Amino acid sequence: MTANQVPGSAIHVQGLEKSYKKLEVLRGVDFDVAWGSIFALLGSNGAGKTTVVNILSTLLKADAGTASVNGFDVATQAADVRQSISLTGQFAAVDEILSGRENLILVARLRHLKYPVRVADDLLGRFLLTDAATRKVATYSGGMRRRLDIAMSLIGSPPVIFLDEPTTGLDPQARLEVWQTVKELAEQGTTVLLSTQYLDEAEQLAGRIAILHGGRIIVNGTLTELKRLLPPAKVEYVEKQPTLEDVFLAIVGDDGKDGDAGKNRSAVTEATEQR
Amino acid sequence: MTQHFLGDTFVLLGRSLRHITRSVDTIITTTVMPIGLLLMFVYVFGGAIKSGSQSYVNYLLPGILLITIASGISYTAYRLFLDVRGGIFERFQSMPIARTSVLWAHVLTSLFANLISLVVVVLVALLMGFRSGAGVLAWLAVVGILILFTLALTWIAVIPGLSAKSSDGVSVFSYPLIFLPFISSAFVPTKTMPGPVRAFAQYQPVTSIVNAIRHLFALQPVGSGIWVAIAWCVGILVVAYVFAMIAYHRKFSR
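Quick note, the sequences are listed as chains A and B, same order.
Sequential numbering from 0 applies to the first sequence in numbering that gives the first Met the number 0.
Sequential numbering from 0 applies to the second sequence in numbering that gives the first Met the number 0.
One chain only, chain B, in its complex shape:
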């Protein structure tokens, strides 16, 4: 049935996109926390943070974008969980369709919803004084990294979406992902942190991704850092995909 893969994915994508457009509140909920953090850190704590030569909103935005994605994918897991619990996932699996297209439709919907949330957050940041002289290529690179990061986190979200036992359990996994940017260069430069914390902050994926986006926005040379960022995204993506497929085959053992 692989010949139907694209067509079936397209049909199912249309279905879950309708879910997004009919419940715009999920997009609003996704963006409320990152926007709140943005406001709080720029207008409350930001004055006390030495972020170097750039304005603090410019410094902060990359990390906030990653937090937006981390909070957005909990809805991906939730939507998938509802499909599994409601039985419609089983219905699709028992139909003559390309079976993995059901998962791909959710993944692409997640990408779409997160891109909308990201646009909303960037617009708010622009109102708050975020400016970037980045050209088309630099912007494309930023969007590319964000898409890779969204896909990586989305495949992580598929795992609890398929295997969670309750609607409370399904979004718990996203809390550490939302928290991870706090122990990175997203809010403050890592050099102010004490030894072990700094070591963790410097070598965890968020720091390299945040730095790469920050350098692209600020027209600074990205050096090899961007490849480290991309390697992290692709690495997480591959591992998450493998585990998501294991979860899927455990659920539907064929």
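Chain A with its partners taken away, still in its complex shape:
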């Protein structure tokens, strides 16, 4: 590893701008991610989360602004940035035709590790994939695929990991597993940039949350800070209006049933009689 930690932030983004033809996706994005923390980039679909992640992982060039990861500039020191990061994209980027084990060995060899097989077997155990190790990934469930995907990102222990919507399309159980993994990563000192559209995910995992909207970061803070932006919680009395269904049942009449429907009907009848 040529990548050494430097003082400052793990990720530093300033004035980032990017347009696709005439569509301005990012109009000056600024944020910093502290070493070893989980930072959530929150935004609706199309807000530009993936664009930010792609610029930081050297897949895209920004039109303006600067960004550095692990102390390396993404524009001028791209190779060092790639040495320092792992990208887990929006869709599990695994090879379906290879087995889980072969996928891990492939990445380990591409990261030029000394013992790719040992690394692969370690990760298979850690991610509960040992039983499925020799099966084609095409036969894996969505959760297993995502676990393998994340396992592939951990190979070579990069200090910074990008997770772009890691739980999109997963069932609740698999989602909890991914969350557990992300928490463990941060505990071991890895910096995690998480992009998500799920508010509860950001709430569960992230130390800091930034909301990307209209091409800018409109809020950036801890969960407590964000909650303080709103007036304190209060109890409200809300009058319950009858729904169309209530009205329909009341008018049509439902003689077989007792209860609300009957009472409502009498109320309606009374109202008509009074007229």
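Just so you know, these hints were derived from the structure itself, not from any lab.
These numbers were taken from a predicted model, which means no experiment stands behind them.
We treat Cβ as the ideally placed atom computed from N, Cα and C, and that holds for glycine.
It is possible that part of the hints are untrue.
Okay, the calculated beta carbon distance ranges per label pair [said to hold, decoys possible]: (1) A:Gly220 with B:Gly6: 56 to 62 angstroms; (2) A:Arg215 with B:Val238: 42 to 48 angstroms; (3) A:Tyr19 with B:Leu5: 32 to 38 angstroms; (4) A:Thr133 with B:Val31: 40 to 46 angstroms; (5) B:Val31 with A:Asp199: 50 to 56 angstroms; (6) B:Arg249 with A:Leu198: 34 to 40 angstroms; (7) A:Val237 with B:Ala246: 54 to 60 angstroms.
Pairs of lysine-lysine, DSSO-like flavour, derived with a Cα cap of 27 angstroms [unchecked claim]: (8) A:Lys21 with B:Lys250; (9) A:Lys60 with B:Lys190; (10) A:Lys21 with B:Lys164.
Place chain B on chain A using the hints.
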């Protein structure tokens, strides 16, 4: 990261070769159409075609070999497209590797798969009576031309592989390439064609490549025709490579 270029290409080549060996059906599919054409033209239409002194299967084989390559490279485009769509291409691009090795692995895999398909087609042609007295040098020249042609068409295939929007769109480009040999000397001598068609047929690349291979197989002097054939292959290769690189940089703007 250029010091890793060979090693990374080798690792990625191993990966995509596994794709080939685990889905042998793609090789079978690639060879079905050329073999079908071979059977049909030799046993159905061939009797009516005057191909000169050689037997028709000998006359036809060079063109069929080019069609085999043209149909084979649509899988190259498709495999690359699946990598791009599935996100694994992006994963590789974000890793500390020699980035173009990802493309080179696909190109070399294409070469490998096409050579297997070509061997299958030649074996079928041998069963059908194809014979050649060509020596080692002539065979090497034939293989060399076929490799150049495969590389040229493979780099063409890289362009839709990187830029296609759908899996249907990705193989469309290969149809005209498969069709091109029909308007050449591959099936019938060009002199029977009407003026403008003949002019196109005589000067398009397939004719010179087919003629060069045919002369090598038949132990006839190749003359300057072989250099025209090689020039076409290299020319297409260079232009296709340049456009493939433009497509690549458009996708990953660094």
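Hint by hint, here is what the structure shows:
1. Between Gly220 (chain A) and Gly6 (chain B) the beta carbons are some 45 angstroms apart, a value that contradicts the proposed interval 56 to 62 angstroms.
2. For the pair Arg215 (chain A) and Val238 (chain B), the beta carbons lie near 43 angstroms from each other, so the given range of 42 to 48 angstroms is met.
3. Restraint check, Tyr19 (chain A) to Leu5 (chain B): a C-beta distance of roughly 36 angstroms satisfies the suggested window 32 to 38 angstroms.
4. As the Cβ distance of Thr133 (chain A) to Val31 (chain B) is approximately 32 angstroms, the hint placing it in 40 to 46 angstroms is violated.
5. For Val31 (chain B) and Asp199 (chain A), the hinted distance range of 50 to 56 angstroms is satisfied, since their beta carbons lie about 52 angstroms from each other.
6. At about 35 angstroms, the CB distance of Arg249 (chain B) to Leu198 (chain A) agrees with the hint of 34 to 40 angstroms.
7. Look at Val237 (chain A) against Ala246 (chain B): about 58 angstroms separates their beta carbons, and that is inside 54 to 60 angstroms.
8. The suggested pairing of Lys21 (chain A) with Lys250 (chain B) holds, with an alpha-carbon distance near 17 angstroms, which does not exceed 27 angstroms.
9. For a cut-off of 27 angstroms, the pair hint linking Lys60 (chain A) to Lys190 (chain B) is broken: about 55 angstroms separates their Cα positions.
10. A threshold of 27 angstroms between alpha carbons decides the hint, and for Lys21 (chain A) with Lys164 (chain B) the separation of about 20 angstroms falls inside it, so the pair holds.
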